[in-house]
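Q: Sequence:
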Amino acid sequence: ARGCGGWMKLPISWLREYVDFDDTPQGLADKLTFSGTEVAGIETVGSAFTGIVVGEILKVERHPNADKLTLCTVATGAGELTVVCGAPNAAPGLKVPFAPAGVTLPNGLKLKAAKIRGVESHGMLCAEDELGLSDDHTGLMIFDAAWAAGTPLAEVLGPPETVLELEVTP
250 ARGCGGWMKL PISWLREYVD FDDTPQGLAD KLTFSGTEVA GIETVGSAFT
300 GIVVGEILKV ERHPNADKLT LCTVATGAGE LTVVCGAPNA APGLKVPFAP
350 AGVTLPNGLK LKAAKIRGVE SHGMLCAEDE LGLSDDHTGL MIFDAAWAAG
400 TPLAEVLGPP ETVLELEVTP
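Counting in my numbering, the sequence shown runs without a single skipped number right up to 419 at its last residue.
Be careful, since some hints might not be right.
Said to hold, decoys possible - Distance ranges between label pairs, derived from CB positions:
(1) E416 - D272: 45 to 53 Å
(2) A340 - Y267: 38 to 46 Å
(3) R265 - L358: 30 to 38 Å
Said to hold, decoys possible - Below 27 Å or equal to it, Euclidean Cα-Cα: the simulated DSS-like pairs (lysine-lysine) are:
(4) K308 - K359
(5) K308 - K364
(6) K308 - K361
(7) K280 - K317
(8) K280 - K258
(9) K317 - K364
(10) K317 - K359
Just so you know, these hints were derived from the structure itself, not from any lab.
Quick reminder that beta carbons are idealized off the backbone N, C-alpha and C, glycines included.
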């Protein structure tokens with residue numbers, strides 16, 4: 250029989266639900282490695298998401314000057330704004346991450362109101378990769394419909410999480 254191994258990502262918060270320990274992530278990684286479980290890395294996933302909120306897409310229209318872009322009217326909790334969007338899954342009624350002009354994304358990109366193909370866009374609707382949550386850029390991240398427009402993203406996703414990447418051996 251062939252053995253199978255692989256990698257597992259273990260959030261520190263999950264571990265704390267089962268084991269009571271008072272150690273730093275690096276101290277825990279050292280102890281796990283010493284016990285025979287290789288820790289390949291320690292990373293932080295997520296951020297404080299300052300200024301990013303839940304936006305509700307109210308209306309989606311074709312961009313007049315671009316075939317692959319749409320104009321989304323977005324409820325932000327503080328009013329309605331127009332956002333130029335290239336995501337294929339933008340649709341009325343969806344609750345998605347909205348980063349208004351003036352916000353800095355977790356990857357360091359500072360957003361400005363800008364004309365995109367002749368239409369002013371007042372922010373960005375975000376995919377997971379733009380928020381530093383994964384490499385997924387297939388479409389907008391979609392939230393449960395129960396979240397109200399304007400809810401801070403940090404409330405929806407929680408605080409940044411420290412994650413250990415462990416080698417799982419057969």
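Q: Next, verify each hint and record whether it holds.
A: Hints and how they fare:
1. E416 - D272: 45 to 53 Å: 20 Å, violated
2. A340 - Y267: 38 to 46 Å: Check passed, 39 Å falls within 38 to 46 Å.
3. R265 - L358: 30 to 38 Å: Since the Cβ atoms of R265 and L358 sit about 33 Å apart, the hinted range of 30 to 38 Å holds.
4. K308 - K359: 25 Å, holds
5. K308 - K364: Holds: K308 and K364 sit about 19 Å apart, inside 27 Å.
6. K308 - K361: 22 Å, holds
7. K280 - K317: 51 Å, violated
8. K280 - K258: 17 Å, holds
9. K317 - K364: With Cα atoms ~16 Å apart, K317 and K364 stay inside 27 Å; holds.
10. K317 - K359: 24 Å, holds
When each numbered hint is compared with the structure, violations occur for hints 1, 7.
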